[in-house]
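2 protein chains.
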Amino acid sequence: MSWTTEALQRRIDVASHREPADLVIRGGQIVNVFTGELVQQDIAIVDGVIAGIGTYEGIETVDAADKWIIPGLMDGHVHIESSMLSPQEFAKVVIQHGVTSVITDPHEIGSVAGVDGIRYMLEQSEDLPVDQFIMLPSCVPATSFESSAACLEAKDLEPFYDHPRVLGLAEVMDFGALSSAAPGMLGKIAAAHSRGKYVDGHAAGIAKEQLGIYAAAGIRTDHECINTDEARQRLELGMYVMIREGTAAKDLEAILPVITPYNSRRCLFVTDDKLIDDLLDEGSVDHNIRLAVRHGLPAVTAIQMATLNTAECFGLRDRGAIAPGYIADLVILDDLEQLTIHEVYKNGQCVVQGGKLLEQPVTNPTASSTLPDSAYIEQSDATFTAESTALDPVNPAVSLIHDALAESHHEILSDSIDPASSQAFPISAAALSRCQTAPITLDHLALPLTHDYCNVIEIIPNSLVTAHAQYKVNRKNGYFTASTDQDLLKLAVVERHQATGNIGLGIVKGFQLQKGAIVSTVAHDSHNLIAAGTSDEELLLAIEHIVSVNGGLAVVSGSEVLASLPLSIAGLLSELPYEEVYHQMKKLNQALLQIGAAQHFNPFLMLSFLALPVIPTLKLTDLGLFDFAANAHIDVEVQRNRKSASL
Amino acid sequence: MSWTTEALQRRIDVASHREPADLVIRGGQIVNVFTGELVQQDIAIVDGVIAGIGTYEGIETVDAADKWIIPGLMDGHVHIESSMLSPQEFAKVVIQHGVTSVITDPHEIGSVAGVDGIRYMLEQSEDLPVDQFIMLPSCVPATSFESSAACLEAKDLEPFYDHPRVLGLAEVMDFGALSSAAPGMLGKIAAAHSRGKYVDGHAAGIAKEQLGIYAAAGIRTDHECINTDEARQRLELGMYVMIREGTAAKDLEAILPVITPYNSRRCLFVTDDKLIDDLLDEGSVDHNIRLAVRHGLPAVTAIQMATLNTAECFGLRDRGAIAPGYIADLVILDDLEQLTIHEVYKNGQCVVQGGKLLEQPVTNPTASSTLPDSAYIEQSDATFTAESTALDPVNPAVSLIHDALAESHHEILSDSIDPASSQAFPISAAALSRCQTAPITLDHLALPLTHDYCNVIEIIPNSLVTAHAQYKVNRKNGYFTASTDQDLLKLAVVERHQATGNIGLGIVKGFQLQKGAIVSTVAHDSHNLIAAGTSDEELLLAIEHIVSVNGGLAVVSGSEVLASLPLSIAGLLSELPYEEVYHQMKKLNQALLQIGAAQHFNPFLMLSFLALPVIPTLKLTDLGLFDFAANAHIDVEVQRNRKSASL
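Chains as they are written, first to last, in this note's numbering: chain A, 1 to 647; chain B, 648 to 1294.
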């Protein structure tokens, strides 16, 4: 929001009726989140800011009779990468659900591409219809039990704090480091606080006695509580409770009873991780509101939680309410209780009408026609960023030149310039390609066994936790062979960041594939390549294919790639329009059906957590099978003799 | 609050029970302002910060059984100058009332001494037991109808924003300048906002229709509302309502009914202007709490309003609650409803015990024995400041040298250095002496009249507004003579900042003096010297005396100074300990009785507003009699012929 004297003057001229507003929205019932009341008045907007609430004349007028008007919604904590969409395409999806601001943690792309990943997300989210505020990833890498691509120390994060959209340090999830006062972790927290920034918590399962450690470190939010007891404990400590309703984690119903008129001011709504289909089908935090209202929360309180409370939580004093001096981020509703979205205004511009994204005149030539829906994106300051991004997918030759230039430029500048500065050479999507594996042959995928009894990762449907099972497996010529009858498939994790050639091999049960293989470069937290298959040949095809498209998701069968969603931005995000991503996701789901994959859970979602060693019980990293309980890597073969470490 | 990794480590070590706390306060009922509940738990404190709430061991333990513990109170808006105490002595008074933080506007000293006055208040409030945050005066001078000492433009204020205790721009009271979008005013507001600072309002009597102009300019507080309608209008706009209970303005009872559980988060308590005797006798915002509770507000809500809400209003995230990670500013109560103060802790140090200020070992040699109660003041970073100030009243010679040095230094540096920086040469109290009148004789006080009919300022008791009366007055040899029978006294306003020799003369009715004269250098807003007397001789004596002591209040009779309170710091603040100031105030009141002054109002308080031309109806400035309605100066004599401007 502009605070020049000129901007102030125009605002005051409209407020005092000396000049007409740019736009007047007339006759709607405004939800006042300060008083909890509904008021029928005009909203006068100038330069994208609300100048007055009352009776006003405008150059343009919109009739909102029989409608309700609420502030633009705010998602207090979301990982955009979970949608697999670029920041631009993510914005197009959530704006249709009335979300005009998100606070996001680029943890995944930061894990893969380090500071370049964060810079990319900042650059690509300039001038979108959804303001994307960033909390800097606090725990990259999360663990040393896998080959991670990036390492973000306090000194790496520090320059980003000067960026106006960087609000602080994201979810401090390494409780061990925090509670033991590990210097690296404290350095990051201290740096954020000493700059007056915010620090988010991540206190999953942390008991009351230890929760105080978070609070003592000035960490004032948690989005991981799953019941009223946990929520109450956090509220007692003055922590904001972020009530989460995402694709996997659905905590709202369990937490809701904790809310009282007294403490609601400290509760807000978040999605954390939500896949594109859920975002499209049920929405973002608008879904949290609907769900809360269905469970008895007053609509105005729920709306307050998704607007004013989020703004207050992060000190965003220019948004979260409909009042003079606030940004004109507005959602016009057909129905308050159902939260039926009629129109969405961002900075006073109508961006969604009749529930559909508006295609406005292209003012920015770089918002190219290959991305038709990005037309409403305003002219960006970082012109080159937009240009190079728009060109990349269209003209590989230009892209290559740009990338080479960008790389060399970046190398020269990276030590001397502020990576958070918009003056730095912008990072192109192609420059974030991170699917660099060493050459792989069938030999690399062979899993030699000296006997038949093996440790097996057993999927617990819809849980991040796996079971540690042991089975008698098929063995041929001294090597493990997958069995569709037993549902024992081969699992491979291939290091993809530095082409080290590291490959971890293991056995997984639960996918129920009858043929073929599946592959993904989304594999928390280091996002190496992970694949599961019924044969080594199909496994290899899946891996080779996804490397050839610079990362993504794919389903193969025989010698055919049945479906593929390239995620060429760091192997995490697609460069495609969201509709296309959605379409490809549907095709992937059909392909999964074709190869007989289990239908009672999302196989790709499950696959993406099988390499996460910080979660129980048995996982596979590129360094091998990892036993959470033992906190160590173990062999695939069950050890017959405890004294013998190798077979 | 320190956010170094070392400080964090000590805090976490205590939070996780690895190290004992410095201090544990055990067994008290803690008021949790987040949940509104009482909890009986230990408070563990290390380095002045709360590290844990639960069960803790400490090097030192305080038993708080049968007590209640609330966060240190916060006054959201106060002019310290109204107490006539130095920042140090003011702190000593309000800390006894549980106030550990104030947000103050040095408007008066800024009006007299400009940036030097603001610097002085910042320097003198370092390391006190009450954190004094400063909002920069927005309207100096308030008007051009009197000779003001200082002029504070946006460029003068700007350097102060770098000071960690400067929070923003104080009460924007010039609604005319705001609503007409006057560039000077907008420049100040824009500068504050663009630095992420706060802007206070002052919307006295502003109607709903115009109030939006404040909000549109991002002004989010008001301490001037006097009834529920006004309060409700401000809450609707998202403005914080500062509920004021001061010496003159008492708004609490009238506003209180507006408070609901839904909107209480946006209400807080302030005193604005409170004289020393009221501060000592009834208290600061602790009095607001008691009064609110007496009128039915739940005690915990009232406490929340004086702590958490104030902290949130100004983005002070390190205080306002009792929780880990918050500054250990605590008040231990004998009784919750009565708010009977037992002990006060500032930064974990006990500063008030048994309702009395503690005299702790002097750690700072410059906190001299002439100021016995300042012993608890911690060693200041700005050592020289404390030194020079402490020496001034003791050794005039040293003082003079210091001042000369300070003046010359200041001249040299003033253009090149940041006036807000602690590196700048500190300002001594004596350097702020501003009682510089041109030589005055009886001739200067003679008021020639060509006839007997005069315009008279008639006091309306306990109102800032005066009546414009006309009386037939005593005239001798062509000059006005005061009449005790008619209660028509001579009023003089003497310019005291630049020794211009300007003297405004008029006639005042209402003081009821039977003899003698009264004088004050507290005269809003420009604080010229103002005196009222029954004879020119006594008037002259009063003026000469108060000039000789560098400003203050005095009562004279015949050739005797009956009582005098020197206010040598800018003619506004005393250098004396608060007990002495209180004692002198009592003596002044006795002297007022002696000369027969009216007892149904405070004559000095009334006197201080007779020179304020922005308030109706008839006032006197050093430039002459001022008619608010005509917005112009007028003659004392009633004009017989409207066409003739001079008699």
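In case anyone wonders, no lab produced these hints; they're calculated from the structure. Careful, some of the hints might be misleading.
[Said to hold, decoys possible] Partial selection, computed: residues in chain B whose CB lies under 7 Å from chain A: (1) Ser841; (2) Ala863; (3) Thr1088.
Cβ atoms here follow ideal geometry from the backbone N, Cα and C, with glycine treated the same way.
Going through the hints against the structure:
1. For Ser841(B), the shortest C-beta to C-beta distance to chain A is roughly 5 Å, which falls under 7 Å, so the interface hint holds.
2. Below 7 Å, beta-carbon pairs count as interface contacts, and Ala863(B) has one with chain A at about 4 Å; its hint therefore holds.
3. Contact between Thr1088(B) and chain A, as hinted, is not supported at the beta carbon level, the nearest pair being about 48 Å apart and thus beyond 7 Å.
In this structure, the one hint that does not hold is number 3.
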